[in-house]
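Residue numbers (the working numbering), protein chains in the order written: chain A, 12 to 302; chain B, 12 to 302.
Simulated from the structure, these hints should not be mistaken for laboratory data. Any given hint could turn out to be false.
Put simply, identical chains are the same to the list, so a pair is met inside one copy or across any two.
20 Å max Cα-Cα, derived SDA-like pairs, lysine to any residue [said to hold, decoys possible]:
| id | residue 1 | residue 2 |
| --- | --- | --- |
| 1 | Lys223 | Arg249 |
| 2 | Lys99 | Gly84 |
| 3 | Lys226 | Asp191 |
| 4 | Lys226 | Glu147 |
| 5 | Lys96 | Phe83 |
| 6 | Lys96 | Ala85 |
| 7 | Lys93 | Phe83 |
| 8 | Lys96 | Pro86 |
| 9 | Lys96 | Gly84 |
| 10 | Lys226 | Gly182 |
| 11 | Lys273 | Gly28 |
| 12 | Lys273 | Arg225 |
Letter by letter, the chains look like this.
Number of protein chains: 2
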Amino acid sequence: MPQQFADRLLDACKTKGAPVCVGLDPVLERLPDAIDQADPVAAMETFCLGVIDVVADVVPAVKPQSACFERFGAPGVAVYHKVVKQAKDAGLIVVGDAKRGDIGTSSAHYAHGLLADPHGCDTLTVNGYLGGDGIEPFQQVAAEQGKGLFVLVRTSNPGGDAIQSLVLSDGRTVAEAVGDVVASLGSACVGESGYSNVGMVVGATKPEDAAKLRKRYPQQLFLVPGFGAQGGGAEDVRACFKPDGTGALITASRSVIYAFEKGDADWQQSVQAGAQQLRNEIADILSAQHE
Amino acid sequence: MPQQFADRLLDACKTKGAPVCVGLDPVLERLPDAIDQADPVAAMETFCLGVIDVVADVVPAVKPQSACFERFGAPGVAVYHKVVKQAKDAGLIVVGDAKRGDIGTSSAHYAHGLLADPHGCDTLTVNGYLGGDGIEPFQQVAAEQGKGLFVLVRTSNPGGDAIQSLVLSDGRTVAEAVGDVVASLGSACVGESGYSNVGMVVGATKPEDAAKLRKRYPQQLFLVPGFGAQGGGAEDVRACFKPDGTGALITASRSVIYAFEKGDADWQQSVQAGAQQLRNEIADILSAQHE
Chain A
12 MPQQFADRLL
22 DACKTKGAPV
32 CVGLDPVLER
42 LPDAIDQADP
52 VAAMETFCLG
62 VIDVVADVVP
72 AVKPQSACFE
82 RFGAPGVAVY
92 HKVVKQAKDA
102 GLIVVGDAKR
112 GDIGTSSAHY
122 AHGLLADPHG
132 CDTLTVNGYL
142 GGDGIEPFQQ
152 VAAEQGKGLF
162 VLVRTSNPGG
172 DAIQSLVLSD
182 GRTVAEAVGD
192 VVASLGSACV
202 GESGYSNVGM
212 VVGATKPEDA
222 AKLRKRYPQQ
232 LFLVPGFGAQ
242 GGGAEDVRAC
252 FKPDGTGALI
262 TASRSVIYAF
272 EKGDADWQQS
282 VQAGAQQLRN
292 EIADILSAQH
302 E
Chain B
12 MPQQFADRLL
22 DACKTKGAPV
32 CVGLDPVLER
42 LPDAIDQADP
52 VAAMETFCLG
62 VIDVVADVVP
72 AVKPQSACFE
82 RFGAPGVAVY
92 HKVVKQAKDA
102 GLIVVGDAKR
112 GDIGTSSAHY
122 AHGLLADPHG
132 CDTLTVNGYL
142 GGDGIEPFQQ
152 VAAEQGKGLF
162 VLVRTSNPGG
172 DAIQSLVLSD
182 GRTVAEAVGD
192 VVASLGSACV
202 GESGYSNVGM
212 VVGATKPEDA
222 AKLRKRYPQQ
232 LFLVPGFGAQ
242 GGGAEDVRAC
252 FKPDGTGALI
262 TASRSVIYAF
272 EKGDADWQQS
282 VQAGAQQLRN
292 EIADILSAQH
302 E
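With the hints as constraints, model all of the structure from the sequences given.
This is how it looks when you write it as structure tokens:
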């Protein structure tokens with residue numbers, strides 16, 4: 012029996028010193044000049060592998076954004092899978108950010124394609140709008156592999172409000188209705204840490220909502236995008252954690268992987284410094300909270 | 012200026028005699044014995060191209076399910092794109108069933124990868140849980156190409172109820188809240204037919220909801236899964252159409268593409284007969300409604 016995903020993630024965060032995740036969102040226009048861009052897909056691969064090399068000792072996790080790779084069709088998808096494997100080989104926890112969601116057998120196909128391979132990602136983002144029976148096939152494959160899921164509950168973008176923050180006749184928000192489905196499914200796979208392998212995506216730009224959700228879902232780990240470039244700050248981040256400093260994985264992408272744009276240093280050195288800064292910032296926020 | 016997607020779809024339905032769509036959901040276990048399955052991905056390709064060959068003269072549209080192809084990683088994705096191209100070359104309208112959804116630049120990446128190529132699908136299924144700013148990048152690429160979208164509003168699976176049929180404090184259901192976002196976006200791209208290029212997915216298994224949504228969204232075409240194998244029948248289908256017989260595209264997959272399982276006939280002949288039966292059933296339902 013492999014160790015549960017939630018426990019593995021918590022251990023990795025402890026080892027590396029902070030619960031942070033570097034988003035791999037490669038876009039051609041922003042790749043370093045030092046990378047030959049004659050073949051766009053090869054350039055993305057070189058860049059992502061180069062980022063992995065320098066962040067693997069600094070952070071516990073990376074999150075490749077599938078959309079960036081799928082933009083280039085099948086060759087891009089091949090690079091996505093290669094990047095995932097390389098990150099795992101480097102000892103990183105890999106969050107596959109594909110936001111898939113369907114029903115029944117179609118969800119099962121996605122789960123097999125994206126989660127079943129031991130060299131594939133450790134956890135996958137899933138869209139739960141189709142309900143519990145759309146999530147369960149992902150959960151089943153995840154369980155077989157000691158892996159996890161993060162289901163979208165409260166996203167970081169402004170437009171999410173028009174749906175997720177609406178209030179139901181029973182007083183819950185739509186986000187809470189989705190969250191309740193997720194928490195119910197997740198109660199079946201709770202690790203020794205007390206956290207479930209089935210977590211939630213909760214953006215870092217809605218601190219009041221995050222605080223409410225943090226209280227409502229004690230067994231769920233939150234994957235928290237939106238820190239840095241998307242506008243989330245220290246206060247927003249704090250709301251995602253329990254008082255003991257566990258409960259969330261803070262992701263940042265552009266502020267780390269494009270850190271070289273700000274200076275003249277070697278691009279990989281800049282990316283590594285960006286990852287260190289992210290780690291230190293979050294560690295500082297958590298130690299301040301703890302005091 | 013190319014013809015608007017909604018108008019093209021209506022024309023094609025008229026030409027072929029019924030608003031129906033054959034779902035291409037290839038699974039290895041159900042492929043005909045006549046197809047060599049030594050290479051799974053090649054077998055799926057042979058099967059899908061063989062289905063396209065015999066349904067292209069019978070129905071206006073096909074809907075490849077991306078999950079079936081993605082199950083096999085990058086080689087599967089390559090076949091997905093090949094199948095889409097072949098279907099378009101055969102004169103079919105292609106509904107890419109990928110249910111993608113993200114925010115900002117990530118949605119734009121998906122849209123470019125799946126919709127921007129003129130040889131790519133004519134319309135794409137999208138998950139709107141992330142709100143209008145998650146849908147807009149898809150809409151922008153669709154608009155540039157004279158293509159469309161179908162956004163998930165009310166899905167055909169039982170689990171969808173736990174979220175989509177919840178009632179808000181303002182009396183709307185969650186499905187209607189999502190639908191209102193979609194209809195608002197869609198009002199910017201209405202064709203000569205009076206229908207928008209931005210339609211909705213509305214399952215054929217919830218006739219009361221379908222009837223309410225049909226009335227609420229006069230400009231939206233409904234992509235209607237769930238007919239046949241998923242349990243939707245004639246009455247369910249009727250609720251998705253306006254009295255003039257327009258407004259929906261009825262999809263069926265397993266009942267058509269695996270029609271050969273029931274008899275000893277050549278598999279392609281059986282699939283063609285299955286497609287003809289689907290077309291005739293829906294045409295009959297609509298002519299009965301019209302009388």
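Against the structure, the hints come out as follows:
Proximity of Lys223 and Arg249 under a CA criterion of 20 Å is satisfied intra-copy only: 12 Å inside one chain copy versus 43 Å between copies. Proximity of Lys99 and Gly84 under a CA criterion of 20 Å is satisfied inter-copy only: 17 Å between copies versus 23 Å inside one chain copy. Proximity of Lys226 and Asp191 under a CA criterion of 20 Å is satisfied intra-copy only: 13 Å inside one chain copy versus 31 Å between copies. Within a single copy, Lys226 and Glu147 get their C-alpha atoms no closer than 24 Å, and across copies no closer than 33 Å, so neither meets the 20 Å cut-off.
Both within a single protomer and between protomers do Lys96 and Phe83 lie at most 20 Å apart by alpha-carbon distance, with minima of 19 Å and 16 Å respectively. With identical chains, the CA atoms of Lys96 and Ala85 are at most 20 Å apart both within one copy (17 Å) and between copies (14 Å). For the homomeric pair Lys93 and Phe83, the shortest alpha-carbon distances inside one copy (14 Å) and between copies (14 Å) are both at most 20 Å. In this assembly of identical chains, the alpha carbons of Lys96 and Pro86 lie at most 20 Å apart whether taken from the same copy (16 Å) or from different copies (17 Å).
Both within a single protomer and between protomers do Lys96 and Gly84 lie at most 20 Å apart by alpha-carbon distance, with minima of 19 Å and 13 Å respectively. In the homo-oligomer, the alpha carbons of Lys226 and Gly182 lie at most 20 Å apart inside one protomer (16 Å), although the nearest pairing across protomers, at 28 Å, exceeds that limit. In this homomeric assembly, Lys273 and Gly28 never come within 20 Å of each other (Cα to Cα): the closest approach is 26 Å inside a single copy and 61 Å across copies. Proximity of Lys273 and Arg225 under a CA criterion of 20 Å is satisfied in neither setting, with 35 Å inside one chain copy and 53 Å between copies.
Going down the numbered hints, you'll see the structure goes against 4, 11, 12, while the others check out.
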